[in-house]
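If you want the building blocks of each chain, they are given just below.
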Amino acid sequence: MSKQIKDFRGTPLRESDFQEGKVLYVHDALRGEYAWDTGIAIGHYLASLKKGVILGARCDHCRKIVVPPRTVCEWCFRPLTEYVPLQDTGTVNTFSICYVTWDVKRVEKPEIPAVIEIDGASPGHGILHKLGEVNPEDVTIGMRVQAVWKPAEEREGAITDILYWRPLKEVEKR
Amino acid sequence: MSERVAIVGVGWAGFRPSTPHQSYKELMYEAAVRAYADAGVDPRSDIETFVTVAEDFHEGTSIFDEYTPDQLGGALKPVHTIGGDGLHGLATGYMLVRTGQFSLVTVEAHSKASNILTLPYITAYAQDPVLNRPLRLNPEYIAGLEMHRYLYETDTPPEQCAAVVVKNKRNALLNPLASFAADLTLDEVLSGPPVAWPLGRHEIAPLVDGAVVMVLASEERARLLTNKPVWIRGIGWCNGSASLESRDWADALHIREAARIAYRQAGIRDPFQEIDFAEVDDTYAFKELQHLEALGICLPGEAGLLTEQGATEPDGEFPVNVSGGSLGVGHLLDGTGLARALEVVLQLRGEAGPRQLEDVEVGLVQSWRGVPTTSGVVAVLSN
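Those protein sequences? They're chains A and B, same order as listed. Our numbering puts the first residue of the first sequence at 1, with every later residue one more than the last. Our numbering puts the first residue of the second sequence at 1, with every later residue one more than the last.
These aren't lab readings, by the way, just hints derived from the structure by calculation. Backbone N, C-alpha and C fix where the C-beta goes; we use that ideal spot for every residue, glycine too. Careful: at least some of the hints might be erroneous.
From chain A, some residues computed to sit far from chain B (all C-beta separations above 12 Å) [claimed, not checked]:
#, residue
1, 3
2, 39
3, 87
4, 163
Covered stretches of chain A, as calculated for chain B (at least 3 residues, CB under 8 Å) [unchecked claim]:
#, segment
5, 29-36
6, 155-162
Start from the sequences and build out the full structure, keeping to the hints where you can.
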């Protein structure tokens with residue numbers, strides 16, 4: 001219907017009107033800074049990452065091992081107090097291939113976020129990370145992968161102490 | 001359909017200026033375990049729905065709702081998060097039971113204030129972005145404006161506000177959960193540094209971390225679970241005007257209206273005579289006085305006199321903030337109202353230890369959401 005209208009009433013706005021401040025608006029930026037206490041379970045998890053170990057926690061009641069560790073089992077509500085070191089290998093549960101970065105820039109070489117079920121944890125328990133050293137078209141659900149760690153002296157007790165996960169070569173399989 | 005709703009379990013954790021050993025989830029979990037043990041319920045099999053009160057900017061996480069179920073036992077159950085004060089959560093839980101659809105409800109609110117590095121900026125963001133925020137004032141100025149007009153209209157001298165600080169911090173000496181108990185003199189309070197004159201540093205409740213969890217039950221369930229139910233006899237809430245230009249700066253009209261709603265439900269006609277004690281918002285010392293007047297405990301201008309005469313002391317005619325209030329215990333951001341309610345519950349059960357009041361049957365609890373809001377909740381509880 002708007003196609004039939006030749007002359008719209010009112011004053012059209014152009015990009016330059018905004019740039020030159022002819023349109024009134026108020027600009028402000030949020031200054032929100034936080035320092036989250038990692039707490040008991042995630043604190044242990046991060047400290048272990050610094051040592052190159054992925055830590056899980058066991059729930060004896062539900063008979064399963066979850067990762068990352070936590071102080072409460074979400075299913076039975078009992079406290080989890082036993083930590084279990086896990087392998088730094090795992091299986092891709094799901095992945096995506098992202099051609100747009102977090103700040104909305106298009107990229108030639110895509111990022112590949114994936115949920116990796118960690119060896120030693122119960123089925124379905126994985127961590128969210130990124131895949132690397134792999135062609136996007138070669139990634140499959142069920143693919144076996146291994147963590148690529150930062151050099152020990154550069155680790156700081158953060159999820160980024162693992163740089164990315166790369167395909168696990170057959171000969172490396174345990 | 002359940003006509004009456006009871007608080008059948010309470011739990012708490014933290015209540016300290018910083019809690020570096022626990023994440024917010026672990027803080028909530030500790031409070032929840034205590035509340036469920038108190039109520040004698042298993043959250044996984046017994047609790048039917050969960051209400052949490054949280055503000056995204058206080059958490060530093062958008063859509064914070066998603067981060068609340070696990071540590072309360074609410075995974076794969078009906079959970080929702082509301083904005084407001086903890087008592088808004090209590091009102092929501094009350095209504096959920098009254099629908100007849102749920103007989104056991106969990107209500108939670110908490111503070112991890114120590115993790116917010118730029119809280120004054122976050123609070124400043126509650127102001128109108130076009131009209132007020134560009135003036136770049138520390139948001140405590142709003143409390144200064146309110147206090148000044150309150151003192152002016154009610155002829156309340158600053159000494160009577162300082163008396164609230166002395167009383168509440170002294171009450172806190174008997175409360176192990178209190179972080180800011182002190183035995184101060186009026187002169188020490190009055191000679192403190194001004195923040196937003198006439199408001200002084202000692203008249204502002206300091207912040208603490210902490211979590212409070214309460215379990216609400218229908219009458220039928222409550223009778224089976226406990227012989228010490230605390231009944232929610234009435235609960236009301238109200239919002240005034242967000243405008244910093246044209247609100248009533250002296251009278252807390254929103255509290256007046258919230259109280260009217262709660263009293264009507266509870267059948268209270270003369271609150272001073274029919275209610276035994278109160279835990280009211282004292283984020284700023286003058287607020288305790290202004291709130292007592294809005295709650296109808298006395299006429300405008302009388303609360304300061306009552307305080308000066310000792311009527312609101314633990315051994316007075318109408319004890320107020322026996323816990324120490326937020327001035328003595330510390331302010332829990334969104335959890336403050338539930339912290340005040342916690343004291344009312346403990347008093348009504350006779351479990352307040354060395355600060356236990358004698359022969360209390362009906363308690364009043366009131367919260368305010370802090371500057372720049374005119375938003376508050378009033379509840380009448382009884383044993």
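Here is how each hint holds up against the structure:
1. 3: holds, 37 Å
2. 39: violated, 3 Å
3. 87: holds, 25 Å
4. 163: holds, 26 Å
5. 29-36: holds (count 7)
6. 155-162: violated (count 0)
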